[in-house]
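Once you have looked at the hints, place chains S and F on chain D.
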Amino acid sequence: MKRSSFIVLFYCLFLLLFSLLYFWSSVADAKVRPTVYVVNYPLMYFAQRIAGDHAQVVLPVPEDVDPAFWKPDAAAVERFQHADLILLNGAGYAKWVSRASLPRRKLVDTSAAFHDRYIATEGGATHSHGREGEHSHAGTAFTTWLDFTQAAEQAKSIRDALSRLTPEHKDEFAANYRALESDLLDLDARLSAISSRRPAPPIIASHPVYQYMARRYALDLKSVMWEPDAMPNDAEWKNFVELHQRYPADLMLWEAAPAPDIAERLRKLGVQSTVFNPCGNRPENGDFMSIMNANIEYLQRNFAH
Amino acid sequence: MIDSLYIAWRYLAFNKARTATLIGCVTLLAVLPLSLDLLLAQSERELRSRAELTPLLLGAKGSALDLVMNGLYFGDEVPELVSMASVSAIDDAGLATPIPLYVRFHAREFPIVGTTIDYVDFRGLEVAQGRLPALLGEAVVGAEVADRLGISAGDSLLSSPETVFDLAGVYPLKMRVTGIMKPSDTPDDRAVFVDVKTTWIVQGLVHGHEDLTRTDDTSVVIERSGANVVASAKLVEYTEITEANIDSFHFHGDPEAYPLTAVVVVPHDDKSATILRGRYLDGETPHQLVVPGEVIDGLLATIFRIKQVLDAVILVVGFATVLALALVFALSIRLRQREIETVFRIGGSRSTIARLLAAEIFIILVASASLSIVVSLIVHHYSGELVRAFFIR
Amino acid sequence: MIRVESLAFSYAGAEFHLRIPEFSVEAGERVAVIGPSGSGKTTLLNLLAGILVPQEGQIECAGVRVSSLSDCDRRAFRISRIGFVFQDFQLLDYLNVLDNILHPFRISEALRLTRHVRERAAELGRQMGIEDKLHRRVDHLSQGEKQRVALCRALLPSPGLVLADEATGNLDPRNKEHILELLFASIKAHNATLLAVTHDHDLLPHFDRVVDFSNFRSAA
Numbered sequence: 014m015k016r017s018s019f020i021v022l023f024y025c026l027f028l029l030l031f032s033l034l035y036f037w038s039s040v041a042d043a044k045v046r047p048t049v050y051v052v053n054y055p056l057m058y059f060a061q062r063i064a065g066d067h068a069q070v071v072l073p074v075p076e077d078v079d080p081a082f083w084k085p086d087a088a089a090v091e092r093f094q095h096a097d098l099i100l101l102n103g104a105g106y107a108k109w110v111s112r113a114s115l116p117r118r119k120l121v122d123t124s125a126a127f128h129d130r131y132i133a134t135e136g137g138a139t140h141s142h143g144r145e146g147e148h149s150h151a152g153t154a155f156t157t158w159l160d161f162t163q164a165a166e167q168a169k170s171i172r173d174a175l176s177r178l179t180p181e182h183k184d185e186f187a188a189n190y191r192a193l194e195s196d197l198l199d200l201d202a203r204l205s206a207i208s209s210r211r212p213a214p215p216i217i218a219s220h221p222v223y224q225y226m227a228r229r230y231a232l233d234l235k236s237v238m239w240e241p242d243a244m245p246n247d248a249e250w251k252n253f254v255e256l257h258q259r260y261p262a263d264l265m266l267w268e269a270a271p272a273p274d275i276a277e278r279l280r281k282l283g284v285q286s287t288v289f290n291p292c293g294n295r296p297e298n299g300d301f302m303s304i305m306n307a308n309i310e311y312l313q314r315n316f317a318h
Numbered sequence: 007m008i009d010s011l012y013i014a015w016r017y018l019a020f021n022k023a024r025t026a027t028l029i030g031c032v033t034l035l036a037v038l039p040l041s042l043d044l045l046l047a048q049s050e051r052e053l054r055s056r057a058e059l060t061p062l063l064l065g066a067k068g069s070a071l072d073l074v075m076n077g078l079y080f081g082d083e084v085p086e087l088v089s090m091a092s093v094s095a096i097d098d099a100g101l102a103t104p105i106p107l108y109v110r111f112h113a114r115e116f117p118i119v120g121t122t123i124d125y126v127d128f129r130g131l132e133v134a135q136g137r138l139p140a141l142l143g144e145a146v147v148g149a150e151v152a153d154r155l156g157i158s159a160g161d162s163l164l165s166s167p168e169t170v171f172d173l174a175g176v177y178p179l180k181m182r183v184t185g186i187m188k189p190s191d192t193p194d195d196r197a198v199f200v201d202v203k204t205t206w207i208v209q210g211l212v213h214g215h216e217d218l219t220r221t222d223d224t225s226v227v228i229e230r231s232g233a234n235v236v237a238s239a240k241l242v243e244y245t246e247i248t249e250a251n252i253d254s255f256h257f258h259g260d261p262e263a264y265p266l267t268a269v270v271v272v273p274h275d276d277k278s279a280t281i282l283r284g285r286y287l288d289g290e291t292p293h294q295l296v297v298p299g300e301v302i303d304g305l306l307a308t309i310f311r312i313k314q315v316l317d318a319v320i321l322v323v324g325f326a327t328v329l330a331l332a333l334v335f336a337l338s339i340r341l342r343q344r345e346i347e348t349v350f351r352i353g354g355s356r357s358t359i360a361r362l363l364a365a366e367i368f369i370i371l372v373a374s375a376s377l378s379i380v381v382s383l384i385v386h387h388y389s390g391e392l393v394r395a396f397f398i399r
Numbered sequence: 477m478i479r480v481e482s483l484a485f486s487y488a489g490a491e492f493h494l495r496i497p498e499f500s501v502e503a504g505e506r507v508a509v510i511g512p513s514g515s516g517k518t519t520l521l522n523l524l525a526g527i528l529v530p531q532e533g534q535i536e537c538a539g540v541r542v543s544s545l546s547d548c549d550r551r552a553f554r555i556s557r558i559g560f561v562f563q564d565f566q567l568l569d570y571l572n573v574l575d576n577i578l579h580p581f582r583i584s585e586a587l588r589l590t591r592h593v594r595e596r597a598a599e600l601g602r603q604m605g606i607e608d609k610l611h612r613r614v615d616h617l618s619q620g621e622k623q624r625v626a627l628c629r630a631l632l633p634s635p636g637l638v639l640a641d642e643a644t645g646n647l648d649p650r651n652k653e654h655i656l657e658l659l660f661a662s663i664k665a666h667n668a669t670l671l672a673v674t675h676d677h678d679l680l681p682h683f684d685r686v687v688d689f690s691n692f693r694s695a696a
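Protein chains in written order, with the working numbering: chain D, 14 to 318; chain S, 7 to 399; chain F, 477 to 696.
Isolated chain D, as found in the complex:
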């Protein structure tokens, strides 16, 4: 064999061996990477920021479904059962959890640290059996992450859970958490700054999902139950007008952009529509931080007006 051919062959073999080793290590690494199942996108974002490549984070909710009201079938619950870690939001988020069989030792209630600060929802109906019977549970507001200090506590809970799961990456998780906490507290500072500049103007929300945000950032918020893509009926408009008379808000928060005809009719009533996306599910574009930053920016703009 010629010398040159030998050299070429040697290098090919070397490359092949290197590729195999790389593939093997990535497969091996993939095999030992723990699987973390979450119930909403904010938890997914926090877990991915903290865990990095050291965990596979899964949100099995379809993209067009609100995770708070998702109803998994038995097969989906089974996938949760096989996860290494299950991150729950707490505060009654994802009602399906109370009707499913999940391994307790893998469950982490990320908002347990501030469960004494949950907000009960207003106007929720309860019932009891007989006059002496105990009441069923009233509702609890569950968009806990919209108070960014609470979001940071939820992220801390995720850091601790991941550190228990794979203690060898504890330091990396701590560092990643500090970076995430810094970003969340930055959001908190910006939103606090907006609402502190002037007396809180009245705001109407399309859905009662901003309770924690309202409490934390001293927003004067009232809610209706409107969908962004469904024109309210006459009775609903009448109720809105009556509410607006008592509560002359010039800003309405929407989870998603309202249909143009709804926005136009509101504008005629002197109410500007703006989007504050709670980001419960994966966004079409961007991520949690970019969405929240955009939310704050829209709010800032509207407050400036």
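Label pairs and their computed distance ranges (CB to CB):
#1 S:376 with F:605: 38 to 44 Å
#2 S:27 with F:564: 28 to 34 Å
#3 F:495 with S:333: 42 to 48 Å
#4 S:259 with D:45: 39 to 45 Å
#5 S:114 with D:251: 56 to 62 Å
#6 F:564 with S:323: 39 to 45 Å
#7 D:111 with S:164: 19 to 25 Å
#8 D:256 with S:164: 48 to 54 Å
#9 S:292 with D:111: 25 to 31 Å
#10 S:292 with D:298: 52 to 58 Å
#11 S:189 with D:95: 21 to 27 Å
Straight-line C-alpha distance at most 25 Å; calculated BS3-like pairs for lysine-lysine:
#12 D:183 with S:277
#13 D:169 with D:108
#14 D:281 with D:235
#15 D:281 with D:251
#16 D:84 with D:108
#17 S:180 with D:84
#18 F:652 with F:664
#19 S:180 with D:108
#20 D:169 with D:183
#21 S:67 with S:277
#22 F:652 with F:609
#23 S:22 with F:609
In silico negatives: residues of chain S with every beta carbon more than 12 Å from chain D:
#24 26
#25 72
#26 375
#27 387
These are calculated hints, taken from the structure and not from any lab test. From the three backbone atoms N, C-alpha and C, an ideal C-beta is built for every residue, glycine too.
Here is chains S and F on its own, set in the frame of chain D:
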């Protein structure tokens, strides 16, 4: 000797009832202590192994034995109840993993074990067919349950009322069987495993019904006061959980107050176990944290003392039986005097008579020994099932 | 065949005493022994068979001094050289006909149960007319059939002397004649000697000699 055996065989075969009685008595005399020994040894093995695999068990203060028998072997005696708050307390301590157990109800004669998925991993159980329960109302059954009831994944199983005449009590719940467990030769084979929340449904603490805020049937509503609707007893609660009604199932009261019969506590390490045990030694606490192995040791020591008494009784009874058998033989000889005289007159000797009787005794002993061996082998083969069916319940 | 001299026998603690100065039976003779009850007829048979031992005198059977033999030798002699036929047959209910016939060969080491013996037993049964009943239980047989089984048992060892104690006592008249015919025919066929105790005077003409036990006079 062959001829003596032949004549003895003919005599015994002619007097079937007497022969069967004699063989039965001797067999019983041999088999009883042997079987008792076998079964007790097997009981000891099963009790010990299961207890040693369970590090700690939390329950209400009271009989530690009832707690262990119900929590480990799903015995019929239901101990004093504890609440879910005790599980949260273990969780909050961060020293162990708690696995709740609510073993109170039955499906036919099989115990319904309300627990979490963690129990399956803890006991090293595997699914042979189907899958573990994923939703409320689903159940996975042990191998023996599937065998005896002839059910498989996809079938349904009704829970049994606590008492036949408890008309206002626990309603039967129709559970969906999602899987069958592999045989484990433990009490788990006889269990119907459900999520602990499903047992609360069986009890009626969690239930589902039509939405009272939207119902047209005014007869189910007593009054509406503020945001609360008071339902009447006419309101029908669902006895089966389906995809259509699962969302209607809800809790009343504080779930932390919901009942359990025991909590399996799996400490993270020995130090955690010691710390935990220390915390529950306090006389003020309404709970007890027991080491199942120690409780079972106590039980086995008591069983051993009882066995010694039983052995003495069997010895005395055995002696009396031998005397009775000897009397039977003596009377038999007297009854056969004419036959003996014939043998003697035609040329047989006293030793001939002795040989014939000895041959009869020999045949009876051989038959009894053979039967004893067969019965002992059967008992040995089924000792596990017998112990689980009759002793450990 | 039989020689008895100066025989004296009594049962311990009993009033009975038997004294026979002299008594003999020739080989092949058919002798009937009669006498009142309690005169010692059955005792004589038991003495001849070696079941009992006289206090005085000699008993010789087929050239053997039975009275001088040991217990074991007397039993061996009895089972192999003497055939006993009893009034109440003394068959064993739990054995079938064939096993009853073969019984002596099963209880004594002096006799060996061979194939030849089994064939002879079957032949005897044929001669007695019970060959189709060999595997039946004896309690299913008539009185006459039972006595025929007893005859087969007595004759199977080919004894030189047959002792019959009221062999026809439990039979009806027709069977008596029949059994006696069979007995005599078998005795003749086996060249045996017959000593039969009987109360039935109707049968006496069939015998060669009658011995009256009440006074020991021989009547030809």
